[in-house]
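**Student:** Residue numbers (the working numbering), protein chains in the order written: chain A, 1 to 278; chain B, 1 to 278; chain C, 1 to 278.
What the hints contain is simulated information worked out from the structure, not anything from laboratory work. Mixed in with the good hints there might be a few duds.
Covered stretches of chain B, going by a simulated chain A footprint (3 or more residues, C-beta under 8 Å) [what the hints assert, rightly or not]:
(1) 28-38
(2) 77-89
(3) 178-189
Computed from a predicted structure; not experimentally measured. C-beta atoms are modelled at their ideal positions from N, C-alpha and C, and glycine is treated no differently.
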Amino acid sequence: MPAMSGTVITLLTDFGLADAYVGAMKGVILGVNPGATLIDLTHDVSPQDVLQGAFLLSTAWRYFPAGTIHVAVVDPGVGTERRALLLEAHGHLFLAPDNGLLSFILPPEDADAPLYQPYRASLPQGYRAYALTSSRYWRHPVSATFHGRDIFAPMAGHLSLGVAPKDVGDPVDSLIRLVIPVPSWRDGQLVGYVLHIDRFGNVVTTVPEAALVGHDDVVVEIAGATVRGLVHTYAEANGLAALIGSHGYLEFALTNGNAAKLLGVKVGDEVKVKVREK
Amino acid sequence: MPAMSGTVITLLTDFGLADAYVGAMKGVILGVNPGATLIDLTHDVSPQDVLQGAFLLSTAWRYFPAGTIHVAVVDPGVGTERRALLLEAHGHLFLAPDNGLLSFILPPEDADAPLYQPYRASLPQGYRAYALTSSRYWRHPVSATFHGRDIFAPMAGHLSLGVAPKDVGDPVDSLIRLVIPVPSWRDGQLVGYVLHIDRFGNVVTTVPEAALVGHDDVVVEIAGATVRGLVHTYAEANGLAALIGSHGYLEFALTNGNAAKLLGVKVGDEVKVKVREK
Amino acid sequence: MPAMSGTVITLLTDFGLADAYVGAMKGVILGVNPGATLIDLTHDVSPQDVLQGAFLLSTAWRYFPAGTIHVAVVDPGVGTERRALLLEAHGHLFLAPDNGLLSFILPPEDADAPLYQPYRASLPQGYRAYALTSSRYWRHPVSATFHGRDIFAPMAGHLSLGVAPKDVGDPVDSLIRLVIPVPSWRDGQLVGYVLHIDRFGNVVTTVPEAALVGHDDVVVEIAGATVRGLVHTYAEANGLAALIGSHGYLEFALTNGNAAKLLGVKVGDEVKVKVREK
Numbered sequence: 001m002p003a004m005s006g007t008v009i010t011l012l013t014d015f016g017l018a019d020a021y022v023g024a025m026k027g028v029i030l031g032v033n034p035g036a037t038l039i040d041l042t043h044d045v046s047p048q049d050v051l052q053g054a055f056l057l058s059t060a061w062r063y064f065p066a067g068t069i070h071v072a073v074v075d076p077g078v079g080t081e082r083r084a085l086l087l088e089a090h091g092h093l094f095l096a097p098d099n100g101l102l103s104f105i106l107p108p109e110d111a112d113a114p115l116y117q118p119y120r121a122s123l124p125q126g127y128r129a130y131a132l133t134s135s136r137y138w139r140h141p142v143s144a145t146f147h148g149r150d151i152f153a154p155m156a157g158h159l160s161l162g163v164a165p166k167d168v169g170d171p172v173d174s175l176i177r178l179v180i181p182v183p184s185w186r187d188g189q190l191v192g193y194v195l196h197i198d199r200f201g202n203v204v205t206t207v208p209e210a211a212l213v214g215h216d217d218v219v220v221e222i223a224g225a226t227v228r229g230l231v232h233t234y235a236e237a238n239g240l241a242a243l244i245g246s247h248g249y250l251e252f253a254l255t256n257g258n259a260a261k262l263l264g265v266k267v268g269d270e271v272k273v274k275v276r277e278k
Numbered sequence: 001m002p003a004m005s006g007t008v009i010t011l012l013t014d015f016g017l018a019d020a021y022v023g024a025m026k027g028v029i030l031g032v033n034p035g036a037t038l039i040d041l042t043h044d045v046s047p048q049d050v051l052q053g054a055f056l057l058s059t060a061w062r063y064f065p066a067g068t069i070h071v072a073v074v075d076p077g078v079g080t081e082r083r084a085l086l087l088e089a090h091g092h093l094f095l096a097p098d099n100g101l102l103s104f105i106l107p108p109e110d111a112d113a114p115l116y117q118p119y120r121a122s123l124p125q126g127y128r129a130y131a132l133t134s135s136r137y138w139r140h141p142v143s144a145t146f147h148g149r150d151i152f153a154p155m156a157g158h159l160s161l162g163v164a165p166k167d168v169g170d171p172v173d174s175l176i177r178l179v180i181p182v183p184s185w186r187d188g189q190l191v192g193y194v195l196h197i198d199r200f201g202n203v204v205t206t207v208p209e210a211a212l213v214g215h216d217d218v219v220v221e222i223a224g225a226t227v228r229g230l231v232h233t234y235a236e237a238n239g240l241a242a243l244i245g246s247h248g249y250l251e252f253a254l255t256n257g258n259a260a261k262l263l264g265v266k267v268g269d270e271v272k273v274k275v276r277e278k
Numbered sequence: 001m002p003a004m005s006g007t008v009i010t011l012l013t014d015f016g017l018a019d020a021y022v023g024a025m026k027g028v029i030l031g032v033n034p035g036a037t038l039i040d041l042t043h044d045v046s047p048q049d050v051l052q053g054a055f056l057l058s059t060a061w062r063y064f065p066a067g068t069i070h071v072a073v074v075d076p077g078v079g080t081e082r083r084a085l086l087l088e089a090h091g092h093l094f095l096a097p098d099n100g101l102l103s104f105i106l107p108p109e110d111a112d113a114p115l116y117q118p119y120r121a122s123l124p125q126g127y128r129a130y131a132l133t134s135s136r137y138w139r140h141p142v143s144a145t146f147h148g149r150d151i152f153a154p155m156a157g158h159l160s161l162g163v164a165p166k167d168v169g170d171p172v173d174s175l176i177r178l179v180i181p182v183p184s185w186r187d188g189q190l191v192g193y194v195l196h197i198d199r200f201g202n203v204v205t206t207v208p209e210a211a212l213v214g215h216d217d218v219v220v221e222i223a224g225a226t227v228r229g230l231v232h233t234y235a236e237a238n239g240l241a242a243l244i245g246s247h248g249y250l251e252f253a254l255t256n257g258n259a260a261k262l263l264g265v266k267v268g269d270e271v272k273v274k275v276r277e278k
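Bound conformation, chain A alone (with noise of 0.2 Å):
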């Protein structure tokens, strides 16, 4: 993956705007590497919430081109020995702390443990993970508070200039991974669960598009509610509302309204699908 002075290098962080962090770590960047183009996914992931940094990184790194280097940092464990992990997968590169923030990237994978929580998986074939050691590449001192300012931010500008994945440490073949279990139908009934709430009040599942195919004549329940089919836009919907939403799963939303708050749902909440009786 030869990259070049003009390389994509996204940010994705739970530092807030408020602040001037990221700023920090852009500095960083370009004194590596000037000619990086720097594009912010999101900075206001809720403090230290690793399932939402990790879902909002999977809506929007497969959108851009091939050869992107992608910051992820929502790091609780900040300056302890967890490691910090290059990821190849896609064509892509992702910088992020060993806590489970790549989970999406990864295909899925049921694990035996509580609805989100950390485990250590194996990297599945295909994928390549090095532990970010190569102290070269950092920029000195490191603060024991701020990797993202000292370890990633330099280490992707880095590898914006051509620095080979494997360059910046040694290889890894496992990391955490965070438990989200892959609904399928089970008598004619998927159980999901709520995965984010969006800034419009709009509910998105873990229910994906793929296992409604040839299902579209469904009865969703969440919260006490019962909704009847799916719409295909928000302006087709008329209150209370299940629909595919633009990020490929199961979604509510509420015509002129907050889905989310109308039904009191929270992440981790259950949804299930059943086949529409006639």
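With the hints as your guide, set chains B and C onto chain A.
**Tutor:** Quick look at chains B and C alone, frame taken from chain A:
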């Protein structure tokens, strides 16, 4: 209007920055034209508030170099039959849903309908507009709920690479505008309306600077309050003051405070300007 | 300091991102230099809070490459006789109103005036500063309420194209600074103040790392709470903890919580550091 790889593309939406919708749009643009320069105007338009989006677009586009492409997406009708437009005006290109978002780009006109409501208007002489019907410039598959990512973003990318406006789709001779009355003096009185309230609580009205030329010695009434004369700077104000703001409209400001809260006004409230009685 | 078309220009304001003021500034800069690289430090400085703006600027500028142009606009006195400045320092260029916003760029000094209040100080040896009086680099007409767009932005654009600092206007030999006491040990005690509270509720003080060298074994008092010893990472903390933050100052953090709320402190509150009694 020949475009180069370094063309500036601005983005204005109501998507907020907490999700990564804007990031996804930028990824799509950079996938088409990695050399585009992407600039955010704002993404904090109140959800589905077309008037606010239209006003905010009007406060920024003119400061960009000729040839800039402005992408504006406040789009309650996404996925319905509402058209998507390209408007050529003032040497700039504007991409937006056909719902009134481009109201301030065209010369003002009076319409016989309720304040700030949409109506269909003829395209004024000297302007050209097209419906974005050339699907070869879209991203496929097109989500019914996210034309920003799948239609407007790739179209902006292609225009920035030199695609001619006439190739984006069929020419149109009308578009939706919002009713924004043009204040003019009648019997020593001007009637305008609150158009926007900014982050500082400054109250921007529909009364343009041009209408006040030669009438410095005025009395302004709003929400039961009376302000005599105009000041020139915020620092000059002492309490509630009226001035011509940086947008070129009559606005109200409060020294060390929030004029909108003090007055208790909202968008659409009336403001009257009278010649001062000595 | 020869500048190139790809020069980095950073922006820090209190304009927020809900309006398009920042977008307008960027349009003006790109109109002068389409090749400039524009980076936001933050635009969420509390309205007219010069101290906060000054601190946030200090946390980011040093991470940018030499030759970067930093535009900082927190400007309650816009349109009055207050000067607009260019400061050359540390191989960077700083554009700001003359109101204390550049306080942290210069070496610390003690002043006999109330905490965080502005006073006029001599420009230290080795620094150069100019008043932005060369109106040929301004955008005309100049709004009395938006020098960010009409003076600072175009000036930054011209500097990035290679205009020499000495050509922006008349040299000055003094500027406004804020009173920021320099803590030093007296009788085994250091007295500092709360300087900033960040998005996580971390409480940053005026006590610099340098003052604590060799004094790891300390007791810190703030708002009636006592913290013994310093930790090195947030994860290491268990409840309320004191540490040297990424900005290089003594700060307070609360495990999984908001230290500022727990302590009930605000900017300007006192903090005392003592040598630990065994």
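**Student:** All the hints need checking, so say for each whether the structure fits it.
**Tutor:** We went through each hint and held it up to the structure:
1. Here the region 28-38 of chain B counts 6 residues with a CB under 8 Å from a CB of chain A, which clears the bar of 3, and the coverage holds.
2. Given a C-beta distance limit of less than 8 Å, the hint that chain A covers the region 77-89 of chain B holds, as 4 residues qualify and 3 suffice.
3. Residues of the region 178-189 of chain B with a Cβ under 8 Å from some Cβ of chain A number 0, which does not satisfy the need for three, so the listed coverage is violated.
When held up to the earlier numbered hints, the structure conflicts with hint 3 and nothing else.
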